[in-house]
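Enquirer: Chains P and C, in that order, give the protein sequences. Residues 1 to 347, numbered by the working numbering, are exactly what the first sequence covers, in order. Residues 1001 to 1347, numbered by the working numbering, are exactly what the second sequence covers, in order.
It is worth saying that the hints were derived from the structure and are not from the lab. Where hints are given, some of them may not hold.
[Unchecked claim] Think about it this way: if two alpha-carbon atoms lie no more than 16 Å apart in a straight line, the pair counts; the simulated EDC-like pairs of lysine to aspartate or glutamate are:
| id | chain 1 | residue 1 | chain 2 | residue 2 |
| --- | --- | --- | --- | --- |
| 1 | P | Lys49 | C | Asp1047 |
| 2 | C | Lys1252 | P | Glu22 |
| 3 | C | Lys1125 | C | Glu1217 |
| 4 | P | Lys51 | C | Asp1050 |
[Stated by the list, open to error] Covered stretches of chain P (chain C as the covering partner; in silico rule of three or more C-beta atoms under 8 Å from a C-beta of chain C):
| id | region |
| --- | --- |
| 5 | 157-170 |
| 6 | 207-220 |
Ideal placement from N, C-alpha and C gives every residue a C-beta, glycine not left out.
There are 2 protein chains.
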Amino acid sequence: MLENKENSRTSLSDFGEFKLIEHLTKQVELHNSSTVKGVGDDCAVLDYKDKQTLVTTDLLIEGVHFDLSYMPLKHLGYKSVMVNLSDVYAMNGIAKQITVSIAVSNRFTLEALEELYAGIILACKTYNVDLVGGDTTSSTKGMLISITAIGEVKPEDVVYRNGAKPNDLLVVSGDLGGAYLGLQVLEREKQVFQVNPNSQPDLEPYNYLVERQLKPEARKDIVKLLKILEVKPTAMIDISDGLSSEILHICKQSDVGCNLYEDKIPLDQQVISTCEEFNLNSTTVALSGGEDYELLFTISQKDYPKIKGNPNLTVIGHIADKTEGVNLITRANQKIELTAQGWNALK
Amino acid sequence: MLENKENSRTSLSDFGEFKLIEHLTKQVELHNSSTVKGVGDDCAVLDYKDKQTLVTTDLLIEGVHFDLSYMPLKHLGYKSVMVNLSDVYAMNGIAKQITVSIAVSNRFTLEALEELYAGIILACKTYNVDLVGGDTTSSTKGMLISITAIGEVKPEDVVYRNGAKPNDLLVVSGDLGGAYLGLQVLEREKQVFQVNPNSQPDLEPYNYLVERQLKPEARKDIVKLLKILEVKPTAMIDISDGLSSEILHICKQSDVGCNLYEDKIPLDQQVISTCEEFNLNSTTVALSGGEDYELLFTISQKDYPKIKGNPNLTVIGHIADKTEGVNLITRANQKIELTAQGWNALK
Chain P
1 MLENKENSRT
11 SLSDFGEFKL
21 IEHLTKQVEL
31 HNSSTVKGVG
41 DDCAVLDYKD
51 KQTLVTTDLL
61 IEGVHFDLSY
71 MPLKHLGYKS
81 VMVNLSDVYA
91 MNGIAKQITV
101 SIAVSNRFTL
111 EALEELYAGI
121 ILACKTYNVD
131 LVGGDTTSST
141 KGMLISITAI
151 GEVKPEDVVY
161 RNGAKPNDLL
171 VVSGDLGGAY
181 LGLQVLEREK
191 QVFQVNPNSQ
201 PDLEPYNYLV
211 ERQLKPEARK
221 DIVKLLKILE
231 VKPTAMIDIS
241 DGLSSEILHI
251 CKQSDVGCNL
261 YEDKIPLDQQ
271 VISTCEEFNL
281 NSTTVALSGG
291 EDYELLFTIS
301 QKDYPKIKGN
311 PNLTVIGHIA
321 DKTEGVNLIT
331 RANQKIELTA
341 QGWNALK
Chain C
1001 MLENKENSRT
1011 SLSDFGEFKL
1021 IEHLTKQVEL
1031 HNSSTVKGVG
1041 DDCAVLDYKD
1051 KQTLVTTDLL
1061 IEGVHFDLSY
1071 MPLKHLGYKS
1081 VMVNLSDVYA
1091 MNGIAKQITV
1101 SIAVSNRFTL
1111 EALEELYAGI
1121 ILACKTYNVD
1131 LVGGDTTSST
1141 KGMLISITAI
1151 GEVKPEDVVY
1161 RNGAKPNDLL
1171 VVSGDLGGAY
1181 LGLQVLEREK
1191 QVFQVNPNSQ
1201 PDLEPYNYLV
1211 ERQLKPEARK
1221 DIVKLLKILE
1231 VKPTAMIDIS
1241 DGLSSEILHI
1251 CKQSDVGCNL
1261 YEDKIPLDQQ
1271 VISTCEEFNL
1281 NSTTVALSGG
1291 EDYELLFTIS
1301 QKDYPKIKGN
1311 PNLTVIGHIA
1321 DKTEGVNLIT
1331 RANQKIELTA
1341 QGWNALK
């Protein structure tokens, strides 16, 4: 590159709304045959033949859901897409399209929006999703991102939250608590930086945690793995608010109880060591930490041999009759009732 | 009702997010067979057999798109839905589902959100649309509403912006400029009220204009009318940013020119009289006023007998070769090039 882009700053007021959308979406490529028409008309046009269409939407607001002092804009764009795709995978479907609406105050430049879109477009490419529409407008304060994801699933494959049966096994993908601890590490560095702007943070010991917070991946691979293993979950949800909250959702909607075993909850070594350093209980972090975007599902016991020993999947408990309640069985073999603690409960 | 609801005020912090969504959506009824599953899982599930799916989204922000000092919350909810449905009708489709994401600061009460939802639910009922999902979160400032509408259309019926051909007729539904003038009237009353809070506004002479601003209706009836008349437009768009901007969109995407006749632009009597009172040019208001949510479309000349004399439709010009440019032919028979003035151009 011959020009120095470091110092280029283009005010958004130099662009009209239509020109801005055209500029930001010009790199958008379409990947899916179900996308008949993308950006550029009143609506996108999609074509699903014998599949069912899935729709989900999420709203992310600066100062509530993200902090731009440690969240690079490209990562924010990527993560905003992940949050939505994760909901499609949680229905056992495959995401195909997204629409993106963004509002920004005049403190943001064109280059800032380009960075955000670079992350959105990278996520679309990586997950084979088409960006098909959206809205760009000004806000009176800060940035907000509203994304709607659309996916498809065969009617016989769709998995709701309400199908868990007593004796089903409770299974989770990956490991838990990392994203929340990544946030704690970043918050601490921000405070250190505010006191001493010359400090050099060493984030290396926390690299996994920081990546879980800044660049989470939605578990499309798990949906594909389950298909290969010929396992159809009886209920499924993604872990956005913390394991505890998601288990309660499945149990409430399936009208069942559950026993979750503390010693089975999968934790990364960095989660364990960083919990010690921050004087936090790792089980509490896994139960209430949120933002892990793993999949939590229930399977019939007869499917256990198919998933046994798979490094991506951990059996953490089993579904029980409703009268048993929803419980955590501690390492000391105590039974404690699980309560709905969302991500905010720890703050 | 035995209780006095006038003075009831419930803080949103008394509700958790899940309980709030449950509370606000408990009156939601589903109307469409294509809605397999609505609110309450990771995604809504929709089923379109041999139809194409339409998706559109819009973001409305307090202080940018609406002013709560004269916009009642119920009307705001209704209008937010109309803005999105209008885009589906502009593709010659029928809207079937919406998702609604709302962020509010802590100055709003539960009763305020209930009012907003009452308007959203009324719009859904009136237009036979299912509310199937969404997100409710807190904002650091003000209120914002992000709606995504989903609709269906037979592949052979879909109308894009890019199909206008030279000699096609340019047609508009309803009349133009009313919504913008309604806003001017309301802004004036707001200023009068700020000076003298005891003043009694008489909005009766402006009732049509105020209604066009506060409670617009999307033109589903025109999509149905065109089907009955057996007219398939060659291009179509809804008028959200003003006639001028929308004509330019059709001409750019269809790669054609256009002649628009000033004396043909349909204006209500209240638009004409209020323009005189405000010392505004009624043509400028119609061209740049925006928010009318009428449909603008082009038809083949052979279809003219089918629409001739219909009180809902007015021929306002014709499509020309690209080399002729995009022009307004004035009452004095002067040719003036149309420029892209959005709604903001008048502010």
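Enquirer: If a hint holds in the structure, say so; if it doesn't, say that too.
Expert: Structure-based check of each hint:
1. Lys49/P / Asp1047/C: 9 Å, holds
2. Lys1252/C / Glu22/P: Given that 16 Å is the threshold and the Cα spacing comes to 13 Å, the pair holds.
3. Lys1125/C / Glu1217/C: Distance of about 13 Å is within 16 Å: holds.
4. Lys51/P / Asp1050/C: 10 Å, holds
5. 157-170: Satisfied; 4 residues make the cut.
6. 207-220: With 0 residues close enough to chain C, the hint is violated.
Consistency with the previously given hints fails for number 6 only.
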